[in-house]
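With the hints in hand, could you dock these two chains into one complex?
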Amino acid sequence: SQQGEEDPQALSIQEGENATMNCSYKTSINNLQWYRQNSGRGLVHLILIRSNEREKHSGRLRVTLDTSKKSSSLLITASRAADTASYFCATDGGSNYKLTFGKGTLLTVNP
Amino acid sequence: DAGVIQSPRHEVTEMGQEVTLRCKPISGHDYLFWYRQTMMRGLELLIYFNNNVPIDDSGMPEDRFSAKMPNASFSTLKIQPSEPRDSAVYFCASRGTGLETQYFGPGTRLLVL
Chain R
11 SQQGEEDPQA LSIQEGENAT MNCSYKTSIN NLQWYRQNSG RGLVHLILIR SNEREKHSGR
71 LRVTLDTSKK SSSLLITASR AADTASYFCA TDGGSNYKLT FGKGTLLTVN P
Chain V
1306 DAGVIQSPRH EVTEMGQEVT LRCKPISGHD YLFWYRQTMM RGLELLIYFN NNVPIDDSGM
1366 PEDRFSAKMP NASFSTLKIQ PSEPRDSAVY FCASRGTGLE TQYFGPGTRL LVL
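Protein chains in written order, with our numbering: chain R, 11 to 121; chain V, 1306 to 1418.
Because the hints were derived from the structure by calculation, they are not lab data.
These numbers were taken from a predicted model, which means no experiment stands behind them.
Heads up, a few of these hints could be off.
Straight-line C-alpha distance at most 27 Å; calculated DSSO-like pairs for lysine-lysine [stated by the list, open to error]: (1) V:K1373 x V:K1329; (2) R:K113 x V:K1329; (3) V:K1383 x R:K113; (4) V:K1383 x V:K1373; (5) R:K36 x R:K113; (6) V:K1373 x R:K108; (7) V:K1329 x R:K108; (8) R:K80 x R:K66; (9) R:K36 x V:K1383; (10) R:K108 x R:K66; (11) R:K79 x R:K113; (12) R:K108 x R:K79.
Just chain V, same shape as in the assembly (with noise of 0.2 Å):
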């Protein structure tokens, strides 16, 4: 299996612009997770899915953010408009139903000036 995959790598973006994070779970994952990573705040779970249904969306910080999973294979989070304050590292993860641990993917690196 691949693993997570998440596109892009790194975004550069200006400030007011649209941003749009990819993830493709592992296959068979029922669960996908959304966190962010900065230096200041670690590790934050923003949103998570289960069956592609939002079931806690209590860590997105604003309306600017939001997530969506259109099907098993595929989400998106999308920060509109963007700011410097968002500048960080996203993260995907998913797990499966039984499963306890999450497997991450390689992370988005966004730089918004």
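The following block holds chain R by itself, in its conformation from the complex (with noise of 0.2 Å):
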């Protein structure tokens, strides 16, 4: 079953608006990790935030997570036409080498 769940399942943007995207989770993790995927390829690592941390800060991308209520948010600023992809958590279940991951949120940012 699916761990993650994002939240919206689509977005839809204007370049340079923020876009915030939110991940729920069901079990303990170690870790939660943000990936994004182009249309056609393959997965690709953005950033991970430990279950000690509160947020996390990447270039343009903020995570924070919160564990008590078990999710996390990633924020792109001043968001970009090639920020368009699909965007997926991913949690490990306190396993070290299993990920779960999440539908995703298909972002769209329009020129």
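So, in structure tokens, the structure goes:
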């Protein structure tokens, strides 16, 4: 079963706007990761946040984690058309080896 | 590094035929994962290997699916016989010990008619 569930399923914004995607999960984790998938391509790792961290930044990406609510959010600031892709959260369920992916948020950034 | 390599990139076959998907992980990575992606079910882990040994195959849908890793640089996922419901994109991913992120190949898009 899918442990991570992203919300919304689809998001359409204008270039320059910020995009926020949310992820909820069900069990304890060691870390949570976000991946991006461009159409017709494999997934690419974006950022990892550990269970003892609350916020992490990488360039235009900001990830938050609330383990009490079992939720995470990914914020992309100043979006660009090239950010158009599907974004997935993945949790390790405490295993350190297996990842369980949500169904993703399809982000469309209109020029 | 060339990244994770998968072949073929596209496969069209008829129901009942055998399908073999291939994967070459990143050199030095000792974990290899096979995933299946469909619109309905999203990205599902089928099986993963550590040091060429299958560790968890609980995601393999049924006996028609089998996976092998004869050496550190090669793995196959075989479907025999194939069925239309096997149509999906199959991804291979690898990671190294001590690393927490997985590196995905470009995927094989399988269509079973």
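Here is what the structure says about each hint:
1. Between K1373 of chain V and K1329 of chain V, the direct Cα distance comes to roughly 12 Å. Compliance with the 27 Å bound is thereby established for this hinted pair.
2. Distance hint between K113 of chain R and K1329 of chain V is fulfilled; the C-alpha atoms sit about 26 Å from each other, no more than 27 Å.
3. Of the supplied pair hints, the one linking K1383 of chain V and K113 of chain R holds, its CA atoms being roughly 25 Å apart against a limit of 27 Å.
4. Taken as a hint, the K1383 of chain V and K1373 of chain V pair is honoured in the structure, with Cα atoms around 8 Å apart against an allowance of 27 Å.
5. Proximity of K36 of chain R to K113 of chain R is assessed by CA-CA distance (about 14 Å); at most 27 Å being required, the pair is judged to hold.
6. Between K1373 of chain V and K108 of chain R, the direct Cα distance comes to roughly 18 Å. Compliance with the 27 Å bound is thereby established for this hinted pair.
7. Among the hinted pairs, K1329 of chain V with K108 of chain R is consistent with the structure: their alpha-carbon atoms are about 19 Å apart, no more than 27 Å.
8. For the hint linking K80 of chain R to K66 of chain R, the alpha-carbon distance of about 16 Å falls within 27 Å, and the restraint holds.
9. For the hint pairing K36 of chain R with K1383 of chain V, the CA-to-CA distance comes to about 32 Å; that exceeds 27 Å, so the pair is violated.
10. About 22 Å separates the Cα atoms of K108 of chain R and K66 of chain R, which keeps this hinted pair within 27 Å; it holds.
11. Restraint check for K79 of chain R and K113 of chain R: the C-alpha separation of about 19 Å stays at or below 27 Å, so the hint holds.
12. For a cut-off of 27 Å, the pair hint linking K108 of chain R to K79 of chain R stands: about 22 Å separates their Cα positions.
In this structure, only the earlier hint numbered 9 is contradicted, and the remaining ones agree with it.
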